[in-house]
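S.K.: One letter stands for each residue in the lines below.
2 protein chains.
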Amino acid sequence: MVQEEEKQILEKITPTEEERRLVYGIAEEVRRRVEEELRALGVEAEVRVEGSVAKDTWLRGDADIDIFSLLPPETPKEFLKTRFLDAARKATKGYRQVERWAEHPYLECTLDGIRLNIVPCYKTRPGKWISATDRTPYHTEYVLKRLNEGLKAEIRLLKAFMKGIGCYGAEIRIGGFSGYLCELLTLNYGGFRQTLEEASEWRPPILIDIEGYYEGHPEDALELFQHPIIVVDPVDEARNAASAVKPKRLWEFVSAARQYLKKPSQRFFFPREKPVPKPEQVRKKLLARGTSHIALAFRPPKAPPDILWGQLFKAEQAVCRFLKRKEYRVLRSACWSDEEKQAVLVYELESRRLPAIKRHVGPPVWMTQHSQQFLEKYLGNKEVATGPVIEEDRWVVYLKTGRTDAKNVLKRTIGKEKMGIPKAILESMKKTLKIHADEEICILCENAEFSRFLNEFLVGRPSWLEHNNTSSKT
Amino acid sequence: MVQEEEKQILEKITPTEEERRLVYGIAEEVRRRVEEELRALGVEAEVRVEGSVAKDTWLRGDADIDIFSLLPPETPKEFLKTRFLDAARKATKGYRQVERWAEHPYLECTLDGIRLNIVPCYKTRPGKWISATDRTPYHTEYVLKRLNEGLKAEIRLLKAFMKGIGCYGAEIRIGGFSGYLCELLTLNYGGFRQTLEEASEWRPPILIDIEGYYEGHPEDALELFQHPIIVVDPVDEARNAASAVKPKRLWEFVSAARQYLKKPSQRFFFPREKPVPKPEQVRKKLLARGTSHIALAFRPPKAPPDILWGQLFKAEQAVCRFLKRKEYRVLRSACWSDEEKQAVLVYELESRRLPAIKRHVGPPVWMTQHSQQFLEKYLGNKEVATGPVIEEDRWVVYLKTGRTDAKNVLKRTIGKEKMGIPKAILESMKKTLKIHADEEICILCENAEFSRFLNEFLVGRPSWLEHNNTSSKT
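These protein sequences, in sequence, are chains A and B.
End of the first sequence = 1340 in the working numbering, gap-free, step of one.
End of the second sequence = 1340 in the working numbering, gap-free, step of one.
Keep in mind that the hints were calculated from the coordinates and are not lab data.
Backbone N, C-alpha and C fix where the C-beta goes; we use that ideal spot for every residue, glycine too.
Think about it this way: if two alpha-carbon atoms lie no more than 25 angstroms apart in a straight line, the pair counts; the simulated PhoX-like pairs of lysine-lysine are:
#: 1; chain 1: A; residue 1: 1190; chain 2: B; residue 2: 1192
#: 2; chain 1: A; residue 1: 1248; chain 2: B; residue 2: 1129
#: 3; chain 1: B; residue 1: 1273; chain 2: A; residue 2: 1224
#: 4; chain 1: B; residue 1: 1266; chain 2: B; residue 2: 1277
#: 5; chain 1: A; residue 1: 1129; chain 2: B; residue 2: 1243
#: 6; chain 1: A; residue 1: 1266; chain 2: B; residue 2: 1190
#: 7; chain 1: B; residue 1: 1151; chain 2: A; residue 2: 1224
#: 8; chain 1: A; residue 1: 1266; chain 2: B; residue 2: 1151
#: 9; chain 1: A; residue 1: 1273; chain 2: B; residue 2: 1266
#: 10; chain 1: B; residue 1: 1243; chain 2: A; residue 2: 1114
#: 11; chain 1: A; residue 1: 1192; chain 2: B; residue 2: 1192
#: 12; chain 1: B; residue 1: 1224; chain 2: A; residue 2: 1192
#: 13; chain 1: A; residue 1: 1248; chain 2: A; residue 2: 1266
#: 14; chain 1: B; residue 1: 1248; chain 2: A; residue 2: 1129
#: 15; chain 1: B; residue 1: 1150; chain 2: A; residue 2: 1266
#: 16; chain 1: A; residue 1: 1151; chain 2: B; residue 2: 1248
#: 17; chain 1: B; residue 1: 1151; chain 2: A; residue 2: 1243
#: 18; chain 1: B; residue 1: 1150; chain 2: A; residue 2: 1224
#: 19; chain 1: A; residue 1: 1128; chain 2: B; residue 2: 1243
#: 20; chain 1: B; residue 1: 1151; chain 2: A; residue 2: 1248
#: 21; chain 1: A; residue 1: 1192; chain 2: B; residue 2: 1190
#: 22; chain 1: A; residue 1: 1114; chain 2: B; residue 2: 1224
#: 23; chain 1: B; residue 1: 1266; chain 2: A; residue 2: 1151
#: 24; chain 1: A; residue 1: 1266; chain 2: B; residue 2: 1114
The following label-pair restraints were derived from C-beta to C-beta distances:
#: 25; chain 1: B; residue 1: 1258; chain 2: A; residue 2: 1037; range: 18 to 26 angstroms
#: 26; chain 1: A; residue 1: 1054; chain 2: B; residue 2: 1281; range: 55 to 63 angstroms
#: 27; chain 1: A; residue 1: 1187; chain 2: B; residue 2: 1070; range: 25 to 33 angstroms
#: 28; chain 1: B; residue 1: 1258; chain 2: A; residue 2: 877; range: 35 to 43 angstroms
#: 29; chain 1: B; residue 1: 1088; chain 2: A; residue 2: 1187; range: 37 to 45 angstroms
#: 30; chain 1: B; residue 1: 1242; chain 2: A; residue 2: 1069; range: 17 to 25 angstroms
#: 31; chain 1: B; residue 1: 1129; chain 2: A; residue 2: 1297; range: 51 to 59 angstroms
#: 32; chain 1: A; residue 1: 966; chain 2: B; residue 2: 1070; range: 53 to 61 angstroms
In isolation and in its complexed conformation, chain A is listed as follows:
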């Protein structure tokens, strides 16, 4: 029956013959055109299809065609930014083209829902990497050599599972498992089920070293890669293929794996899309909690997604630290963006207002100068409710806070005080920031995606986590 269930899933996630023909057709056509354009420039490049299309491991309707141009090592970096991009543009005339940068520029094109990446890299030997993308051809080669039809299906199941539980993708926004990582795990453990079974029992430190580079001295790998999960890249012993995986995603995968094994369900692969909660529903939910919420809404700076999300997360943390430094009790925070018009940082606080009195710890009495300064500052000071008083060996005062509202504190501080918000975000905030507190947040819920996000933030529970699935009696 379980096998049956996974067969049903495979039927939904394996590309149809039609899709296959289309994808391979486009891939080969664009590959050839890029080759020609480069040849016209007098460049000797090997142009190849890489990634999941080359390996036939992509998920139905989710093809991402990677066309790699393996340039001679002596090619100047400047060439990649200028003439290579021109050639790529010519080769994909008619596509919607967006220039992107990872470590170096590449071209992303879209046509009829199919995505193409035209990527330059250097033709190097392992270990002699010039740019970060140079490993990709070796990745393709490594996986292809070990693949068969059965394993392709297993890989697709694992990718679709990761996708369904929200753990798929190495991009900063997700911080999850890349396609290549899913392939390595499947190869290593022998299949989808086996990967879930093994993952169910993962405990730190997690070290997977398929090629045995660190056999006999795993401590070197643990020392080198300070990440929650280490999967030594078979084509580069100095690289952790799982370095992008955030602890949260790692453990969500582990927990989902356990739940699935206990009671398999299509739900893990195809979560029910929940209806968009109406602003009025959100309002009720917010008020019922009895806590306070603050939302910082602004227009996100223009930047590639990985850059933008990196900055958004940094900004989220910076404001969180600021609020805590000001003695607000932050319960949780999160951020959301459509990557274009709107970005929102959300904070749940025990209360928008400070407690009426706060304890302020001063120097130990034996620090004469500091004690003197502390006394000069606080003796006769109108903000003092109690003290200065000695507790153990230190001076302490209890200060009246005036119950300051976090919304006002943020309003008058952001843009004026350095609090560690990345510069691009701060500039955007200066021009477009709106701060909403409690019910005021509902206005943002007119954006359906934000509304969905906020609702998920409040619920917290992953969609695959259901009550009837935890009982150990199944």
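Given chain A, put chain B in place with the hints provided.
M.R.: Positioned in the frame of chain A, the structure of chain B alone reads:
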């Protein structure tokens, strides 16, 4: 001028000739009578006047006549509890007599405002101590040998200073400097002023070793005595004569010493007695703070003061820990008692009510069994506001608290749940506990002493700490 000021103080604290005659008369008379009574019992005891009367270092109006009976080492402990006390009672006929215990029993007598302690001890050689009081004759001898009229005045100044700033006395309630300790400090530093000057610069670790027992290996003393200040007892290298000093009192003395040296004033020796605040004033003060106060009032158990205060402090801490465990934010706490009819533990909380939602951290996901139990407990649980959700590598839930009132929590828990309150206190509480919150506390302020205590608790600032005294420009 400063010398002049201290002379004025000496005039107030040195016993008059009349007091001296009276005290010495009583001391010699009672000493002789105790000697006779013991002789009548066939006991060969040397009966001597000890303590501040023997050394002529007591403060005017504050005599405490210690009559020590040095018994032969072979005397059975039983004798001390029975026949010795009988003899002491006979010798002090006409006095108000109260039996007291330190390590062993002794008799405290009062007549016309003069206190007498009839104390048994063993006549032993240093280091061969049988009971804790055996050192006293050696303390007297040690100090007497080194004393002169000038030093007596210096000692009286230091004692009066300690008394004025609330740091005098080794009893648990105070946790301050004993008379003997004041004498040792004065002998060590050469005078009152010198002691204040040296104390001004004390920094941890503070080690005073007059006889140089630990010369060349002070680390042994630091290892042996884990106290904030160590004054090695000149008659017993294994005893810290300052072991009773609590950090708070130590550093209050240090700070007061600095303030006094900067601007000497009689205020340090003779603090102004403040008028008793009226319940209505206290009420206003409490409400103005915007925080919550909880007072636990009960009849204290009958016990010698040191035992009682030890238990009160323990109870205060135990309830404080309990409240914190229940997630209340305790700002400060204190306790008060008249040692007879009423004892009160006071707590200032940010709020009597819990924040609406609290974060509850569960096990790391890799602890499979614990995670399973956590999920079973919280999935579908009505108290959950958010979660279970994975944060980093752990399960977390956010729980609705119902904003429980600390007063109610204490009411229904004390006596039912073990929270570390000493047994005698707990028994008293079970019978007599009344819990007052916020304004309700004012009813307790009908007791003037409590009212004064509560007011000082709210003010916090020591009476000797005044604004105009901190400026470094004096």
